[in-house]
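Colleague: So the sequence shown is numbered by numbering that gives the first Met the number 0: it starts at 0 and just counts up by one.
No lab work stands behind these hints, which were simulated from the structure alone.
Since this is a predicted model, take the numbers as computed values, not measurements.
Worth double-checking, as some hints may not be accurate.
Using 25 angstroms as the maximum straight-line C-alpha spacing, the simulated SDA-like pairs for lysine to any residue come out as follows [said to hold, decoys possible]:
id	residue 1	residue 2
1	Lys123	Gln20
2	Lys64	Lys115
3	Lys115	Asn45
4	Lys180	Glu144
5	Lys115	Arg152
6	Lys57	Glu68
7	Lys57	Ser147
8	Lys180	Ser147
9	Lys180	Ile49
10	Lys115	Gly86
11	Lys180	Arg154
12	Lys57	Leu148
13	Lys57	Arg83
14	Lys123	Asp138
15	Lys123	Gly86
16	Lys180	Gly86
17	Lys180	Gly32
18	Lys180	Ala3
19	Lys67	Asp33
20	Lys64	Asn74
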Amino acid sequence: MVDAVIEGIRERVSAAIQVNQSVGIQVPENRHGDLLEAVFNSMCRNTHDIWTFVTVSKTFDYLAKTFKESTRHPNIKFIDCISRAAGMSDNSSNCIFLESPVMLENLILEITNNFKGQNRDMDKYIVIDSLSALMIYNDPEIIREFISLVMNRSRAENIHVVSILVEEEMDSNKLIQLNDKIIVLRDSFID
């Protein structure tokens, strides 16, 4: 049953991101792990695409232990915003460790740098997990400006954006409305 749910989520997200420049996914906390599994599954299947996964809710170490295969793919790069702030960091060739999740300018620069020099014919994607976690560290209005800037830059460079919003962590109405497509995951079904 869990595999069917994860596959359903993966198919829905994959279809949405193919036809929309930006997709916001609103997910309850108890479905967040399923969503991450579906996203990583999709990233691993699409080896001809370039992915940047920005993590604010889980450390890269946690992701590497939980989704081993995904963290070793050469087409997937990670930006970890929380490990160094928590006093821990790894050495990894496919992860950049930012000093803090409040350093949004550095985050934008690292996202942009991850795509420099890449084949222009390849599809490019940014996954932000999660905007709601960023709001723990930053003022909501600053996050709104940040996501607007990320979306505008990504549109100019033809980069797709997937932003995750965890329901229990925030009032997401203002942020989620910035996306071209919104997917709402519930405890037992997908809207």
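Colleague: Assess, step by step, whether the Cα of Lys180 is no farther than 25 angstroms from the Cα of Ile49, and give holds or violated.
Modeller: holds, 21 angstroms
Colleague: Take a quick look at whether Lys123 and Asp138 sit within 25 angstroms of each other, Cα to Cα.
Modeller: violated, 28 angstroms
Colleague: Against the 25 angstroms threshold, does the CA-CA distance of Lys115 and Gly86 hold or violate the hint?
Modeller: violated, 29 angstroms
Colleague: Would the hint linking Lys64 and Lys115 be met if the CA-CA limit is 25 angstroms?
Modeller: violated, 28 angstroms
Colleague: Lys180 and Gly86 were given as a pair; does the straight-line alpha-carbon distance stay at or below 25 angstroms?
Modeller: The hint is violated at about 36 angstroms.
Colleague: Within a Cα-Cα threshold of 25 angstroms, do Lys123 and Gly86 meet the stated pairing?
Modeller: Answer violated: Lys123 to Gly86 is near 31 angstroms, above 25 angstroms.
Colleague: Run the distance test for Lys180 versus Ser147: straight-line Cα separation, threshold 25 angstroms.
Modeller: With Cα atoms ~15 angstroms apart, Lys180 and Ser147 stay inside 25 angstroms; holds.
Colleague: Given the hinted pair Lys57 and Ser147, is their Cα-Cα distance within 25 angstroms?
Modeller: holds, 23 angstroms
Colleague: Below or equal to 25 angstroms on CA atoms is what counts here, so check Lys180 against Gly32.
Modeller: Given that 25 angstroms is the threshold and the Cα spacing comes to 21 angstroms, the pair holds.
Colleague: When you check the alpha-carbon spacing of Lys64 and Asn74, does it fall within 25 angstroms?
Modeller: Distance of about 18 angstroms is within 25 angstroms: holds.
Colleague: Under the criterion that the straight-line Cα-Cα distance not exceed 25 angstroms, is the pair Lys180, Ala3 satisfied?
Modeller: Cα-Cα ~23 angstroms, so holds.
Colleague: For the pair supplied as a hint, Lys180 and Glu144, confirm whether the alpha-carbon distance does not exceed 25 angstroms.
Modeller: holds, 19 angstroms
Violated hints, listed in ascending order, are 2, 10, 14, 15 and 16; each of the other numbered hints is respected by the structure.
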